[in-house]
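All chains should be built: construct the whole structure from the sequences, respecting the hints.
Same order as they appear, the protein sequences are chains G and C. Under the working numbering, the first residue of the first sequence carries the number 973, and numbering increases by one thereafter. Under the working numbering, the first residue of the second sequence carries the number 9, and numbering increases by one thereafter.
Since the hints were derived computationally from the structure, they do not count as laboratory data. Incorrect hints may appear among the rest.
As the list claims (entries may be wrong) - EDC-like, lysine to aspartate or glutamate: derived pairs with alpha carbons at most 16 Å apart:
id	chain 1	residue 1	chain 2	residue 2
1	C	LYS420	G	GLU1080
2	G	LYS1084	C	GLU421
3	G	LYS1155	G	GLU1185
4	C	LYS146	G	GLU1080
5	C	LYS391	C	GLU599
6	C	LYS338	G	ASP1007
7	C	LYS733	G	GLU1080
8	G	LYS1038	G	ASP1007
9	C	LYS215	C	ASP337
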Amino acid sequence: MKSAVITFPGSNCDRDMDVALKKFGFKNKMVWHQDVELPKSDLVVLPGGFSYGDYLRCGSMASKSKIMQSVINFANSGGMVMGICNGFQILVETGLVPGVLLRNKYLEFICKNVFVKINNKDNAYFRKISKNVLELHIAHNEGNYFCTNDQLKEIEDNTQVAINYCDPEGKIEEPFNPNGSIKNIAGIFNKEKNVLGMMPHPERMIDHSLSGEDGSHFFNNLINNLK
Amino acid sequence: MIVNEQLAIDHGLKKEEYKKICELLKRTPNITELGIFSAMWNEHCSYKSSRLHLKKLPTKGKQVIQGPGENAGVVDIGDNDAIVFKIESHNHPSFIEPYQGAATGVGGIMRDVFTMGARPIANLNSIHFGSTQHKKTKNLLRGVVHGIGGYGNCMGVPTIAGQTSFDSSYNGNILVNAMTLGLVKKDKIFYSKAAGLNKPVIYVGSKTGRDGIHGASMASASFDEKIEEKKPTVQVGDPFTEKLLLEACLELMAGDSIIAIQDMGAAGLTSSSIEMASKGNLGIEINLNKVPCRETKMTPYEIMLSESQERMLIVLENGKEEYAKTIFDKWNLDFAVIGKTTKSKKIELYFDSEKVADIPVNTLVENSPMYDRKWKKAKLPKKNKINKDDINNLKIIEVLKKILANPNICSKEWIWQQYDHTVMGDTIQKPGGDSGVVRVHGTNKAVAASVDSSAVYCWAHPLTGGKQVVCESFRNLISVGAKPIAITNCLNFGSPENEENMGEFVECVHGIGEASSYLKFPVVSGNVSFYNQTKDQGIKPTPSIGGVGLIKDYNKMITMDFKEVDNVVLVIGKTEGHIDQSLFARVILDEKNGPPPEINLFNEKNNGETLLRLIDSNLIKSAHDISLGGIITAVSKMCIKGNKGINLKKPKYLISEMEYFFAEDQGRYIVEISKKDQKKVLDILNKNAVHYDELGTINENMLFLNEKTKVTIDELKGSNTRWLKEYMIN
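Next comes the structure, spelled out in structure tokens:
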């Protein structure tokens, strides 16, 4: 399986994602933001970080960079595109997934483990995954997902919610919402479910010495789904 | 502008210093030259009051590759890997403008590390604020934490450990010390020594603006009521540009184009160019019209003294300019050839085709003032006679809960959750433990780091305090299973012109030297921050020690959380019942006098090394060093972290229960072992003449004391974790 990770100026989880993808069997290529063409890939990842310093608005400038036209075309033709953290912020700025990401409710950066419940397994990202709740790691300042009521209805009608913040048992309630996201939303799909944007970092949970192993669970399942 | 004695004094120079400048130059300096002298000769850059004493610190060791004198220290961790590290203060700017002050402190120290070719792999910080009742404390704390996070998070470097304290002596002068560790290949370390004639001198990074002019001079003066007017001297940070600068520099360093490289930190272009020339015994000629400027009509004086951030000065090999430029163009950074190395041994500056400065380099560096300041020796305070009735009437659990909730003991999660501590995917011990630990990417090795200070002990008796901080750093590394390698120190003190403050400095340095020499834990880098005072009132002497250690196999790393019910808990090291200057004495008995706990370096070393051997033999399940709050505080934290309880029993010493559990004797650890290993462990401890107490066994969720007093761990956890969050929200 081939993957590509885009490096924008200010990306800082690009190497971590490269390490994770390779660990679980992807042949990964790093792609520079000023490149025009994507290499042939089964999965394109927009990594976390502070592309363009988060200036103007998180993800806004990266969404206009040269490579993004190819990424958008790739997504529109059914290619799998995953945006993590700042990558999610870039995705909402391109309009590939609906909604926006506001500043966290308590106006502070949050770095900690959270639990998320998988809401929809009928897609290539979560199909056949054996767990319903994953323990993942978040590290962000602007992860407070927001959309209009009309958008929310559409998102829910199309089962576009990918994961919600929850407790270890999968209870989706306000006390387990770290950043004020509407309906505890931690990640969403586009209508076709080939594009996924999420705030948690699975690449930081890929061995027992780190914060946990549910990231390994996610990547192992992902590559098997793609085979 | 006419340069005269008054103008020199306005620049922070002393009368005699101005006289010396005129003598050295054999003429009156012009305004640009005066600015350069004032920047190079201030306390912050010249170490004029401290040099004499710093020379006495032990700086060599088997693993030391580079000691003090470079951008940072370097130690060998085997397999051609080396760790570059340093701690630095940004106290004055952080008080004036907490967000930018703290942010640029973090940015500056990271630049020091990647200037040497190392990729930063971990950040730490030691931050100290005034009384929690003081009206400025909350905003300063919030601003500093946001600033540290704002810069470090954006750079993508994990913040893995730190220390926060509150004390009214910092009411008008907070401390912000930032430390960075970087990883480099031993044969790819870069230095600041220029070499060769007619080599191009390159300016890269951000443009030069009018920010931070006289920043280093401001940091060399005391605060008064007009301090708010100094805001323009605080630099403004841009972590995004620094991230680009990091990547561009490392890309250029992968080749062989660089002769010397130096970041523009305090005193900007002035100190960076002079340092490179001085180390290379060369001259440097700069055309200031070529310096990329952010603002129009900047004068040579402003260009030379600006402390705009995210800039580097590089001496390149001839003919490599084009190659280097393509790299900086790729990262959208300014790149300009601004001058060349010369044989003149002078710093020669040109602006609009006119020579605007012409100063022999040695007058700025070797001939800079050095003072043997007067200092007063501190007496060891008399021991307090503590009224036994006062102690025996206290309820131990109530006291424990109060101590666990004390601002200097309580959980700092509210702070470190705002720092990205997991980026780079190698953090295997997060903040909140004895040391932070990161793996050496792609290997079985890991590096542990901690930062410590004990202002109260240093204030009570500087010599003992200085020794104690080094020992605490040593213990914090050993507690996670790391072999201590070396330290970096950030020496925060009041005015060197005050005999008592100077005495505190001299004796703390003496204590640091003695302990680091005995423990073979040399000082490889550091920084001095004097004039931490408002009007005449200095801060408590606060040397911060950043310690670095190596874990050869990270699977052997130890954490402090209790692991398993029925395991046995031991205290390693002897408890004498030293209560003076303990948190218990200060907070519960309201007793602020008396000597700090004594340091016995032999026991410190022997206990530590024996524990390391036990860890290496896989006999230790968890460990934690005993510091503020004594045995019962340490044990409670291990219970809280592991979500386990303990059946505690005071050994049959003569000292009282309160003294046993709250004393702050040094050289002690709490360790957890399994029952089956007990005999083996005790044999090893006996054989090495290490004193130990059997303290109890682990249970599910209760702290029992002598089978009668009890409290749930949840209740202790509540006391420990609530305070800071509630303080910051209300």
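Here is what the structure says about each hint:
no.	hint	result
1	LYS420/C <-> GLU1080/G	15 Å, holds
2	LYS1084/G <-> GLU421/C	10 Å, holds
3	LYS1155/G <-> GLU1185/G	26 Å, violated
4	LYS146/C <-> GLU1080/G	15 Å, holds
5	LYS391/C <-> GLU599/C	11 Å, holds
6	LYS338/C <-> ASP1007/G	12 Å, holds
7	LYS733/C <-> GLU1080/G	13 Å, holds
8	LYS1038/G <-> ASP1007/G	6 Å, holds
9	LYS215/C <-> ASP337/C	14 Å, holds
Going down the numbered hints, you'll see the structure goes against just number 3.
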